[in-house]
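Q: Going by numbering that gives the first Met the number 0, the sequence shown wraps up at 132, each residue one higher than the last.
Read the hints as simulated data drawn from the structure, not as lab findings. A quick note: this is a predicted structure, and the numbers were derived from the prediction, not measured. Misleading hints may appear alongside valid ones.
Ranges of calculated distance between the beta carbons of each label pair, as one might list FRET restraints [said to hold, decoys possible]:
1. D95 x L65: 12 to 22 Å
2. S59 x N130: 29 to 39 Å
3. P45 x M0: 34 to 44 Å
4. N39 x K72: 18 to 28 Å
5. A125 x G97: 25 to 35 Å
6. D99 x A122: 25 to 35 Å
7. G103 x G55: 24 to 34 Å
8. K115 x D28: 15 to 25 Å
9. C90 x E38: 15 to 25 Å
10. E71 x P105: 16 to 26 Å
11. R129 x P105: 28 to 38 Å
12. K72 x I106: 30 to 40 Å
No farther apart than 30 Å at their CA atoms in a straight line, the calculated lysine-lysine pairs in the DSSO-like style are these [said to hold, decoys possible]:
13. K2 x K64
14. K64 x K1
15. K1 x K23
16. K117 x K1
17. K115 x K27
18. K115 x K23
19. K23 x K117
20. K117 x K2
21. K115 x K72
22. K27 x K2
23. K64 x K23
24. K2 x K72
25. K117 x K27
26. K115 x K64
27. K72 x K23
Glycine included, C-beta positions come from ideal geometry on N, C-alpha and C.
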Amino acid sequence: MKKSVAFICVHNSCRSQMAEGWAKQLGKDVLEAYSAGTENYPQVKPLAVEVMEEAGVDMSSHYPKLLSDIPEKVDMVITMGCNVDCPYMPCDHREDWGLDDPSGGPIEGFRETRDKIKENVEALIARIQRNDI
Numbered sequence: 000m001k002k003s004v005a006f007i008c009v010h011n012s013c014r015s016q017m018a019e020g021w022a023k024q025l026g027k028d029v030l031e032a033y034s035a036g037t038e039n040y041p042q043v044k045p046l047a048v049e050v051m052e053e054a055g056v057d058m059s060s061h062y063p064k065l066l067s068d069i070p071e072k073v074d075m076v077i078t079m080g081c082n083v084d085c086p087y088m089p090c091d092h093r094e095d096w097g098l099d100d101p102s103g104g105p106i107e108g109f110r111e112t113r114d115k116i117k118e119n120v121e122a123l124i125a126r127i128q129r130n131d132i
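Model the full structure from these sequences, guided by the hints.
A: What follows is the structure, given as structure tokens:
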């Protein structure tokens, strides 16, 4: 049975979108992935879409979503390191990945963040497969 995971950030425009993209590609057999933010934002950051495309993950159809746009109850909630208190979401497991937001910086920062998120998603999938979560 798949585990549902919500990746949460402030604007759902970069890190949480990347995490959803990786989870859907790498964990399609074990994860049902969502992402959302706590505030409205007009679009996913173009550099986030670009660097994910470089890595073979298509996020061209992604758009920022709010918490109210995803299921109310998920198995896991993962925050990206927003340094904000996310509203309570019922879940069985919660963790924070403590990632810096590359927004406003050079494309290299987006690439570094993309690669860190990929490593984190791979580790998450491995923990689920070992029944550690």
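Q: Going through the numbered hints above, which ones does this structure break? Give me the numbers in ascending order.
A: 5, 6 and 10
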